[in-house]
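Put the complex together from the two separate chains, hints included.
Residue numbers (my numbering), protein chains in the order written: chain A, 246 to 387; chain B, 3 to 316.
These are calculated hints, taken from the structure and not from any lab test. Be careful, since some hints might not be right.
What the hints assert, rightly or not - Pairs of lysine-lysine residues, derived as DSS-like cross-links and limited to a Cα-Cα distance of at most 27 Å, are as follows: (1) K331(A) <-> K133(B); (2) K36(B) <-> K306(A); (3) K331(A) <-> K39(B); (4) K306(A) <-> K331(A); (5) K305(A) <-> K133(B); (6) K331(A) <-> K305(A).
To be verified - Examples of chain A residues lying across from chain B (beta carbon under 10 Å, computed): (7) I289; (8) A290; (9) L367; (10) E369; (11) L381; (12) E385.
Since this is a predicted model, take the numbers as computed values, not measurements. In this text, a Cβ means the ideal position worked out from N, Cα and C, and glycines have one as well.
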Amino acid sequence: MKKVFGLLRPSPATRLGPLEFELLQSLWARGSATVRELLADGSIALAYTTVMTTLDRLYKKQLLDRVSEGRAFRYSPRHTRQELEKAAAGETIRQLLDSGTTASLPLSYLVEAVSEHDARLLDELQRLLDEKRRELREQEEQ
Amino acid sequence: MFAARCIGVSLAVFVLMYAALSLAVSRGWRFVVKVWKPRLAGSSADLLFGLRMAPLAVAAGVTLLFTLPSFLWLEPRFADEAIGSAPLTLGVACLLLFAAGMVRAITAQFRTSRAVAEWLEGGSVMEAGAKVPVVRTPNAPNLTVAGVRSPRVFVSEATMAALSPAELRTAVRHELSHVRRYDNLKKLLFRFAIFPGMGDLQRQWSEATEMAADDAAVSSRREALDLAAALIKVSRLGSLESSPALAIGLLHSSTALSARIERLFEWRTVHAPRSQSRSWRYSLPAGAAVIVLVALTYSAALLRMHALTEWLVR
Numbered sequence: 246m247k248k249v250f251g252l253l254r255p256s257p258a259t260r261l262g263p264l265e266f267e268l269l270q271s272l273w274a275r276g277s278a279t280v281r282e283l284l285a286d287g288s289i290a291l292a293y294t295t296v297m298t299t300l301d302r303l304y305k306k307q308l309l310d311r312v313s314e315g316r317a318f319r320y321s322p323r324h325t326r327q328e329l330e331k332a333a334a335g336e337t338i339r340q341l342l343d344s345g346t347t348a349s350l351p352l353s354y355l356v357e358a359v360s361e362h363d364a365r366l367l368d369e370l371q372r373l374l375d376e377k378r379r380e381l382r383e384q385e386e387q
Numbered sequence: 003m004f005a006a007r008c009i010g011v012s013l014a015v016f017v018l019m020y021a022a023l024s025l026a027v028s029r030g031w032r033f034v035v036k037v038w039k040p041r042l043a044g045s046s047a048d049l050l051f052g053l054r055m056a057p058l059a060v061a062a063g064v065t066l067l068f069t070l071p072s073f074l075w076l077e078p079r080f081a082d083e084a085i086g087s088a089p090l091t092l093g094v095a096c097l098l099l100f101a102a103g104m105v106r107a108i109t110a111q112f113r114t115s116r117a118v119a120e121w122l123e124g125g126s127v128m129e130a131g132a133k134v135p136v137v138r139t140p141n142a143p144n145l146t147v148a149g150v151r152s153p154r155v156f157v158s159e160a161t162m163a164a165l166s167p168a169e170l171r172t173a174v175r176h177e178l179s180h181v182r183r184y185d186n187l188k189k190l191l192f193r194f195a196i197f198p199g200m201g202d203l204q205r206q207w208s209e210a211t212e213m214a215a216d217d218a219a220v221s222s223r224r225e226a227l228d229l230a231a232a233l234i235k236v237s238r239l240g241s242l243e244s245s246p247a248l249a250i251g252l253l254h255s256s257t258a259l260s261a262r263i264e265r266l267f268e269w270r271t272v273h274a275p276r277s278q279s280r281s282w283r284y285s286l287p288a289g290a291a292v293i294v295l296v297a298l299t300y301s302a303a304l305l306r307m308h309a310l311t312e313w314l315v316r
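Pulled out of the complex, with its shape left as it was, chain B reads as follows (with noise of 0.2 Å):
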């Protein structure tokens, strides 16, 4: 019984905090976005993830470092209690969340694996030994990167005929900037955690990292150019068509494509993505504080994490 009480509180305790952060970013993340004003757009991106993923994140920290030890410390295993109507209910609630969000990743990425074996038949790796293989194929979309643990760009016979030498290289140097961003793993975490309201969120984290892949495939006036010529040959190809969920094209959408060419058009070293390790600057001494937060607190923490569970159960 006290497993399934300490089960059960973890889960009910999970499932509130993970519903109430995800509305709270549903409802707040362009006010996040309007007052933190990311200059590029992979930093819009990365914070477009990160406002995404934060309950998802937030619930299973407070929940390991908390919920899950207060119960383990401070609660008397032998007492006879039952596990409680509230905890009863929010914990299978939470269970249901987690079976729904996993059948959604493990359709997505079963989907993908399947269209991916399709677009392999009848093509050639473009070039051998390449870390990131470049598949040129009849059967794939015009330009697309799919997978996650072992990703593949695939370029049609179509997109090749079309392109340019110039325009092909700039083009799957975007795609493969989505590889390195890890794009596709995060649409597969999206898929993992529901909510519903997020939407717009990940519509404009889509657009974001479209342009952060923009700004990471050109490093001059001539490639802005050369992936604008892309841009616009590939949309002249048709290629909206309908793609696996863990796939990214290199066109998003009609709306988004004039908007990135003319971004591109107006192309200056700015959108250049600059070294990340100034990052750390800031990171590091954050996190290094919370680190200290948690450890100068955590006794207390704890107390009041078990009144509060207490409470649930009653």
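One chain only, chain A, in its complex shape (with noise of 0.2 Å):
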């Protein structure tokens, strides 16, 4: 897992390459799959060659298990969404921890940030139960 740390800063968005993260959103969705399966339904329009070079790049980066399917692989994510998004986090923090040169600043930006986030967050969640509860009173109304 420390090996995945490093591939991940600052988030594993931004440190893997947009195609290998879509691959990767694609296999979290499926749970796994061939390069084949993953070109059939269309949503990714790249050549065979290319999704293959990058499926295999992320198994050398340990984010992926194969196994031998016939001639082919079967890819599936070694881990999870959240555990790979929980290292990205812990990694961010811990650089921003140690990048200051008063201790006490960094995680005074930190719990501002947090503090900000939060109330975005509820916001959002408010708005999300707001919606929601004027499509149960239409439902009911009906």
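Written as structure tokens, this is what we have:
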């Protein structure tokens, strides 16, 4: 897992290439897939060899497991999305805490950012709640 | 000397088993959860609790059922043997482990009792005669259930003002579900059963138990939205203040909060806990099979255990 931390700085989305991240997302959604299966639904408009090479790169970065299936490989994510995000967040916070000259300063930035984020999150959740309540009222009235 | 050897050997076997099983659980609990795939949050919380307590239960069971009887029945009483350095060291380690666990559990109980006494000052019971009193108080955290032997739900004045009657009813039902599931008692047992590396498992249990209490508190989509509203309002009141160890607030952490609220938005009857009677279909035959197996192999098991303890004493 430690090796994975290095790959994730500052977040899986930015440290991994966009194509790598897209394929990882597809595999999280499917659980496991071969190159052919990933290309079958048409959502990934890439050449077979490009997808194959990218999956091989993710395997070498220890982000995927693979088992042979006939003449191809079946790939599956080695870590859940939550595990990767947790690792990335932990690494970012560690970097932030190590960066300041005054020990308490980065921590105060963090507290401020978290409070702002929490307030925004609660606003968003409240908006969704109002929407759901409106939907429910409409359903009950029908 | 016989009694000292008996105690030393029993404690040594206990601590060896406890440490080995705890290590296995702390490393392998995620794998078990992945394979078992509990469908409901309540089952997930029960599985995690079972895994957390399994080392203590299994080590105590083996010691009482096998180690102690094998020593008492098969060890010659008048043999002039020394206690042996390995059983002595392991026995002392076991006693220290017990003592540390007791200190942690008693400290948690003491701090909780002190906090409850403070919260009760100026508080008034909202519903007289209820099995679990719900206390309205100016001093307590927003909404929390505290205590093991005589649990009480505490609701702060600010929460009373912020929540609508329907939201408050659902939120209180959430707290009462923690009482029915003996969650504070389970937290007390966690504090007693010390072993490093169990933090992630316990955090996962906390999140699962919050979701289980959410499921138990709501029985319709409307109630699910009421509980979601209560969670948002209580978190706006800023209630992630530290609580004593044997108290569980409505909010566990802000990370779990959004997951819980999104789950409540998508509430379906599938989340509702089913009657527990179904679990007996599996646990009764399994328990009976274990008892029969132990009865059939008991003598042989005692001989093997005695051989093992002899090896330990040597």
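Is it true that the CA of K306(A) sits at most 27 Å from the CA of K331(A)? holds, 18 Å
Status of the hint placing A290(A) at chain B (closest C-beta pair under 10 Å): violated, 31 Å
CA of K331(A) to CA of K39(B), is that 27 Å or under? holds, 21 Å
Holds or violated: K36(B) with K306(A), Cα cutoff 27 Å? Holds, at about 23 Å.
Is the shortest C-beta separation between E385(A) and chain B less than 10 Å? holds, 9 Å
Can the hint on L367(A) be confirmed by a CB-to-CB distance to chain B that is less than 10 Å? Because about 6 Å separates L367(A) from the closest Cβ in chain B, which is inside the 10 Å limit, the hint holds.
Pair hint outcome, K331(A) versus K133(B) [Cα-Cα no greater than 27 Å]: violated, 41 Å
Restraint status (C-alpha distance of K305(A) to K133(B) at most 27 Å): Violated, at roughly 59 Å.
Hey, does the L381(A) contact hint survive, CB to chain B under 10 Å? Since the shortest Cβ distance to chain B is 6 Å, the answer is holds.
Hint check, I289(A) versus chain B [nearest Cβ-Cβ separation less than 10 Å]: Hint on I289(A): violated, closest Cβ of chain B at ~27 Å, above 10 Å.
So, E369(A) near chain B? Judge it on the closest CB pair being under 10 Å. holds, 9 Å
Does K305(A) lie within 27 Å of K331(A) when you go C-alpha to C-alpha? It holds: about 21 Å lies between the C-alpha atoms, which stays within 27 Å.
In terms of the numbered hints stated before, the structure departs from hints 1, 5, 7 and 8, listed from lowest to highest.
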